[in-house]
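Chains as they are written, first to last, in this note's numbering: chain V, 1 to 334; chain Z, 1 to 332; chain U, 1 to 85; chain F, 1 to 404.
One thing to keep in mind: the hints can contain errors.
Said to hold, decoys possible - With a straight-line cut-off of 25 Å between C-alpha atoms, the simulated BS3-like cross-links for lysine-lysine are:
1) V/Lys261 x F/Lys42
2) Z/Lys258 x Z/Lys326
3) Z/Lys28 x Z/Lys48
4) U/Lys77 x U/Lys25
5) V/Lys20 x F/Lys30
6) Z/Lys200 x Z/Lys258
7) F/Lys403 x F/Lys353
8) F/Lys65 x F/Lys42
9) V/Lys261 x F/Lys30
10) U/Lys65 x U/Lys79
11) V/Lys236 x V/Lys201
12) F/Lys30 x V/Lys277
13) U/Lys77 x U/Lys65
14) F/Lys353 x U/Lys65
15) V/Lys261 x F/Lys262
16) V/Lys40 x F/Lys65
17) F/Lys30 x V/Lys270
18) V/Lys20 x V/Lys277
19) F/Lys30 x V/Lys40
20) F/Lys403 x V/Lys40
21) F/Lys262 x F/Lys353
22) V/Lys270 x V/Lys20
23) V/Lys236 x Z/Lys28
Because the hints were derived from the structure by calculation, they are not lab data.
Here is how the chains run, residue by residue.
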Amino acid sequence: MTIVTDKPRLSRRHALDLLKQMIRIRRFEDKCAELYTQEKIRGFLHLYDGEEAIAVGVIPVLEQRDRVVATYREHGHALVRGVPMTAALAEMYGKQEGCSRGRGGSMHLFDRATNFYGGNAIVGGGLPLAIGLALADHMRGDDIVTACFFGEGAVAEGEFHESLNLAALWTLPVLFVCENNLYAMGTALAISESETDIQRKAACYRIASEAVDGMDVVAIEAAARRAIHAVRESGKPYFLECRTYRLRAHSMFDAQLYRDKAEVEAWRHKEPIVRFKGWLEASHMIHPDDLARIEAEIDAEIAEAVTFAESGTWEPIEQLTRFTYADSPARDVS
Amino acid sequence: MTAPAAMIELTYRDAMREAIRDALRRDKNAFLMGEDVGRYGGCYAVSKGLLAEFGPERIRDTPLSESGFTGAGIGAAMAGMRPIVELMTVNFSLLALDQILNTAATVRHMSGNQFGVPLVIRMATGAGRQLAAQHSHSLEGWYAHIPGIKVLAPATVEDARGMLWTALQDPDPVLIFENVMLYNMSANLAADAGAVDIDKAAVRRTGRDISLITYGGSLWKTLEAATALAAEGIDADVIDLRSLRPIDDATVMTSVRKTRRAVIVDEGWRSGSLSAEICTRIIEQAFWELDAPIGRVCSEEVPIPYPRHLEIAAIPQVPKIVAAAKTVLGRA
Amino acid sequence: MNEADIRTILQEELGNVAPEMDLQKLDSTADLREALDIDSMDFLNFVVAVHHRLGVDIPELDYPKLITLDRAVTYLKGKLEVSKS
Amino acid sequence: MVEFRMPSLGADMEAGTLVEWLVKPGDQVKRGDVVAVVETQKGAIEIEVFETGRIEQILVDLNSKVPVGTPLARIRTGLERKAGVAVGPVPPPPRVAETPARALRAAPPPSQPATTTPAIVRVPGAGGRARASPAARRLAEMHSVDLATITGSGPSGAIIRADVEYRLVAAPASVETKRPTGLNLDAMRAAIAAAMARSKREIPHYYLEHQVDVTSCEQWLTRTNASRPPDERLLMAALAAKSVALAARRFTLFNGFYNDGKYQAASAVHLGIAIAIRGGGLAAPALHDVDQMPLDELMGRMRDLVQRTRAGRIRSSEMSDSTITVSSLGERGVEAVHGVIYPPQVALVGFGKVVARPWLVDGAIGPRSVVTMTLAADHRVSDGHAGALFLAEIGKLLQEPEKL
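Looking at chain V on its own, in the form it has when it is part of the complex (with noise of 0.2 Å):
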């Protein structure tokens, strides 16, 4: 745990908050585990079990008019973003009280009253498109910084390569957030990178990048406020890679051949909800009662998140063409 000195702010209410978006995360997403397995989740569900130092430290840092852009692995983001916990397990059970509708699932969750731009299931396919999303800023003048999240595995992708180049090339406002956790799915990061320092590839498109231990939510909300305060002194993009690591499997039909239960086992006593609470404990910053009301209140939160799903209701079939175009009737199943 680096502990960086220039870092007058961490009260104890700043830290058991951050400590408490965490824990809020990794129960949410136990309890998606949980549904998935009793067939009320359906289709892919990507956890982010042990990466949500990188959600809590960077999201709370933008304002409310910046703009996110995040992938399939994005539950953790949405909720610190302030996407309601409620709208994004109903948008899971395919409910129309979903945050899309319903009709998105785990993997494109929406929300314009947060700037939210989605999930996104295509590897890289963000990444365009938080490129325009800081064009059109750039071009109105406005102060808005576009956080853009992805993987490790994106960064194979050309339009990972493209949209670094434009992002330097016209002076994009545009925050990179590299979720390093060392897996594709299943290839591990050494046999699909010939360099595999990913924070260096920013340097080619001449763009100021950093890597961050992605295990100590201080390190990364320091990083996330210097990152943040760069690109919005200077319009110009910033690359933070946070090195962290997937506890869970990739998805929930993953048998997780590509590594061994050792290397998992290893992590889970370096990941950050571990790490955070236990300097708190040292530091005695937190008391027992603390952690009980922090869950208690967690879980008030999942189960009202629960019933609000269960009792969610199916979107009618006449729907089905609506929204194709902004104008398509609703009845209209040619």
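Chains Z, U and F: place on chain V using the hints.
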């Protein structure tokens, strides 16, 4: 009776340039983005001179990153801009197909109507310049297959001038296909000609004996064929689809019900083509009025060859259209 | 659709219903049932055919208005005008 | 007590084989513990438990393949479920069988229009032009048949090839000569003569007569036809035919064949319909299983039969297998017809014309529509008493037309 507007002569290329200039003047959120649109003046010289008038921010040259800058166009549109992305030709649009299909066409429906993409993408299409297989595709039919976007094929100077502004007002993505053989075509146009509709087909010639249904670059060959047929006493209706998605079924069926015979001219390859879709719609909606099987004139199912005589043999031509019409009329 | 057209259609349909008879000699004022030896089954088939050919509805109450060729033509001409206006 | 079930790990996972238990009865477990390993098509996957408590009982032994949802063990939780809410089953979507996506391929839900294939637009032929299929048109052209003279039996009244074929069979010669050469009346006359002679020679006929009040039939017909287009309207002849068929099913002595000195009751009721052909000629083609035929269908078939018989287009198969025949002289005939049985049948029911008669109803005289029904039957097979009951049954059936 006010005096008729002064007529000017301009080429299809000039008309499209005027459309872009007009759009950028009227809407500050509008801007053009694509490979070589700025300093080079546009691969087909459509945007020549615009850089000087509007500057590099709004006439934006891009790296050769079709997926990147098309995605950027989508993002900018979602954030309130009105981008015109030029993909140079349909051949290079294949690299941007994922952004067009999986984001542009899909996001409104998938996001439960929270985000729309008011974007226009222009690209050249078609063969005829001996550019060989990789640079001579006609893939309008692929894009016309996708719900969530609209697809246009301006065949006349008037449409080249008028479709862009209407497309830019559309809250959903609109693709405009410009056949490479049309850029040099010139015609008279009212000096104050402006926006036109983008969802109706046009009857370019009226006749009772047979309906010749086509779009884009093939329109002029079809009209020439109709003239040749007239000389042999065969009077043809010529339908210019103008919009390939949605297709204006009403105008097509009205014509077919009148003539009872149809030939469709489509530069795409026959299998699974736009002409196949139109054939099926005629059978579904006007079967009882047909007096003969529907004819089709499409490109031969081969990669378009380089040598001129083979390229001519590969794509629809006037004699083929005339022959197809006579076969349908039982007078081959 | 003028009177002559209606008359030819009626004669053709009567030909279908009573193929054995020779319609050229049919007296247009005679009671069809007598002249062509038509029973209720034939008459219904005749009404069905006229209904399809001219697209007009012929309620049972109007059957007496079709008893002779002339009256049938006048009746149907009136019906067609009504449905067109 | 809570059941730990085989979890679903993917939409395409139907079952799993339990290859290893990592706990045993009595072990304490908490939410998130890995308690077993399941073999799937993707390899061995560790299974976690979402309950906290003590393993009470293992329900499935190793290496048994069990479907998703099968209880694997029982866990005694003891305390109220901490985190979870009693997660009731999600009520299945009203119309969506499985996940919404798959449902689209399932049968369209009832509330949706039956099919989504675009209905072929029924546009009346433009400009009065007959609507005919290409096949019909080509055949008509080959034989210079005027399509306008044919009523189509295809979809929405369109003329199909079969319609043209019928027309050709009926009048292959040019249209002017109205005499259907397909119908050789002289030959027909000879055949009738032979049949009638044989009938009179061999069959000891007895005759019965019965007057029936058919006013309720007339009123029911008027009411029913008022709201129907011509091609769905019904006639008295249909009611008569159906009532005879229903009665014939019960009175088996009148529905069968007499051959080689013995009677064989028929298992079905194929009703012969006697149709007079103008200019002399008679045919009595059969309609099969009239006793089970709905009235509307019976009427349609009778109309078709009359038209085809008149045009000489009767298939030989339709001529030979009637089990009983009904003969009606129609409106302009006489009150009663005493017919001659068609061998090898054993009965013929006749209907005279409907006439208005003074009639005693509930003690008061009033005008009623009456028809005289007659029975000609084969005395070798049945007697007058049975014949009377048979006729009475028909009369009774005709009092409740709506039940026919």
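Hints versus structure:
1. V/Lys261 x F/Lys42: With Cα atoms ~17 Å apart, V/Lys261 and F/Lys42 stay inside 25 Å; holds.
2. Z/Lys258 x Z/Lys326: holds, 17 Å
3. Z/Lys28 x Z/Lys48: At roughly 20 Å apart (the allowed maximum being 25 Å), Z/Lys48 and Z/Lys28 satisfy the hint.
4. U/Lys77 x U/Lys25: holds, 23 Å
5. V/Lys20 x F/Lys30: holds, 21 Å
6. Z/Lys200 x Z/Lys258: Holds, at roughly 19 Å.
7. F/Lys403 x F/Lys353: Given that 25 Å is the threshold and the Cα spacing comes to 23 Å, the pair holds.
8. F/Lys65 x F/Lys42: holds, 15 Å
9. V/Lys261 x F/Lys30: holds, 20 Å
10. U/Lys65 x U/Lys79: At roughly 12 Å apart (the allowed maximum being 25 Å), U/Lys79 and U/Lys65 satisfy the hint.
11. V/Lys236 x V/Lys201: holds, 16 Å
12. F/Lys30 x V/Lys277: holds, 20 Å
13. U/Lys77 x U/Lys65: holds, 12 Å
14. F/Lys353 x U/Lys65: holds, 22 Å
15. V/Lys261 x F/Lys262: Violated, at roughly 92 Å.
16. V/Lys40 x F/Lys65: holds, 23 Å
17. F/Lys30 x V/Lys270: Distance ~21 Å between F/Lys30 and V/Lys270 Cα, so the pair holds.
18. V/Lys20 x V/Lys277: Holds: V/Lys20 and V/Lys277 sit about 10 Å apart, inside 25 Å.
19. F/Lys30 x V/Lys40: holds, 22 Å
20. F/Lys403 x V/Lys40: violated, 53 Å
21. F/Lys262 x F/Lys353: Answer violated: F/Lys262 to F/Lys353 is near 35 Å, above 25 Å.
22. V/Lys270 x V/Lys20: It holds: about 18 Å lies between the C-alpha atoms, which stays within 25 Å.
23. V/Lys236 x Z/Lys28: holds, 24 Å
Figure legend: structure checked against the earlier numbered hints; hints not met, in rising order: 15, 20, 21.
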